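So you can see what is in the structure, the chains are spelled out below.
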Amino acid sequence: QESQASGLPEYIKIVEVGPRDGLQNEKVIVPTDIKIELINRLSRTGLPAIEVTSFVSSKWVPQMADHKEVMRGIERHPGVQYPVLTPNLQGFHSAIAAGATEVSVFGAASESFSKMNINCSIEESIEKFEEVAKSARSMNIPVRGYVSCALGCPYEGNIIPAKVAEVSKRLYSMGCYEISLGDTIGVGTPGSMKRMLEAVMKEIPLSALAVHCHDTYGQALANILTAIQMGVAVVDSSVAGLGGCPYAKGATGNVATEDVIYMLNGLGINTGVNLYAVMEAGNFICTALNKKTNSKVAQASFSTGTIK
Amino acid sequence: NIVPTPVKISLINMLSETGLQVIEATSFVSPKWVPQMADHTEVMQGINKLPGISYPVLTPNLKGFQAAVAAGAKEVSIFGAASELFTKKNINCSIEESLERFDEVMTAARAASIPVRGYVSCVLGCPYEGKISAAKVAEVSKKMYSMGCYEISLGDTIGIGTPGSMKEMLTAVMKEVPVGALAVHCHDTYGQALANILVALQMGVSVVDASVAGLGGCPYAQGASGNVATEDLVYMLNGLGIHTGVDLQKLMDTGTFICNALNRRTNSKVSQASCRL
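As they're listed, the protein sequences go chains A and B.
First residue of the first sequence: 1, per the numbering used here; consecutive thereafter.
First residue of the second sequence: 1001, per the numbering used here; consecutive thereafter.
With the rest of the complex left out, here is chain A (with noise of 0.2 angstroms):
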């Protein structure tokens, strides 16, 4: 009810990347039985979408070498999606063989961060895309569409919001089932954020969008308040924060699962996620990575040896 009265979704969708897009950005290479490990611990907090791996050549991303073995290692439980990237139809061809039923593709509103990301234009990268996606239609697979830069890039600096909504419908006509909106360098505030949503709003329905907010600023959870308070209710994050900013050398990048968890239990959404659950499995992958965890409710909550 207090939700209700507060003009926010009553139930918001968590899509987790930590294992993905979260390992992908930590230095240490983590092994496979470790990687099934963290996805199965996942599988049992209620989160309802986990993204499990990337079918992207091991030359580009070591830690993503295992992609296979992850993906039929795999414990998969029933009403949990396990989506992979698939940056072309060959990665797209493996991740089928392997056993995915859901594939994501990634798009960027900037064209340097683009060329500098996957050597391509992004007028290129559809064209690669629409390939996945066409393949994915023709098997029932759904295709979820990432849009990085959303509020900002590394190297164009300001990313103007016609830009992103351009990028967004393209995704979206192609048959992205969703499109997740990410702040890939955390640069955006709130301000931003509401900007960026209005002009993207104007050309995808509310339901089909995501938001991706860094922390690298600390400004994720007032970015994903700001987003939530305008309709959106998927919100991708990850367990501990996992994954640095590799743009910004000792930045945080991902924003805390625990932490969002934290926010919206405190605004009576449903997530359907035990947040305990979570916290253990961020303090077993910090464990395993040996590393302090990013999430401030983790740090508090282990330091008093109670959940407040």
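No lab work stands behind these hints, which were simulated from the structure alone.
Mixed in with the good hints there might be a few duds.
If we take Cβ atoms under 7 angstroms as the criterion, some of the chain A residues that face chain B in the derived model are [to be verified]:
1. Ser-192
2. Gly-218
3. Gln-219
4. Ala-222
5. Asp-259
6. Gly-266
7. Gly-268
8. Asn-283
9. Lys-296
10. Gln-299
Bear in mind the structure is a predicted one, so any value in this text is a computation, not a measurement.
By construction, the Cβ of each residue, glycine as well, lies at the ideal position given by its N, Cα and C atoms.
Since the structure of chain A is provided, determine the placement of chain B on it from the hints.
Just chain B, lined up with the frame of chain A:
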């Protein structure tokens, strides 16, 4: 670690150059209780007091107030709480008794034309009592405002609040105290500070407390963070097009200074991100 007096003075002087209009300088409390603030008189007398900037100090009782005024203080603060148990554990008396003590300070302050800022701790939760009712926060705030505090700073002492509880609490308090007299003092122990501050701003609050570099951990959760970092707050407000008058770069430089002096990392994410090595 006890910070040397000259470092404290340099810190405050640097903060005075950033555009900040209010800088809480020290606390006139017995050094037996708070050794870190033992040098309150030297600090108060040693800092450059720039025109247009306020340097309030904490004064828990009349004795502290008199010492503060003698040392040159022109504004003081008193700390109440919305939790009986917290008050008992912190200053060994009930809320009612604490307000009686403050009344003495209020009378003396009024006579000396010294403005008094009132803080209410535990507004979104208490480390001992747990949940705190919004009505209780409103009651204590109203009392302190009626006693003559020009501003009431509502403190989420253990950082446990969320936009949901912030909204509920402010709705209750705003029935008793005009929004123009309200401030929020959010802790980032659970990472909720900026989201909570955003909600407060959306409800009309326009005074926000913050700490450079996010100085100050949480005494109730070892290793956890406390105050929200001023840099991160200013970054958000800049992005919202809200004017603060604060120069973010100078603020970050000040944060770097104090972190070097304390030999510790900053708690400000903006500062961390901006240090591209």
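inquiry  = For a quick check of understanding: which of the numbered hints are violated here, in increasing order?
reply    = 8
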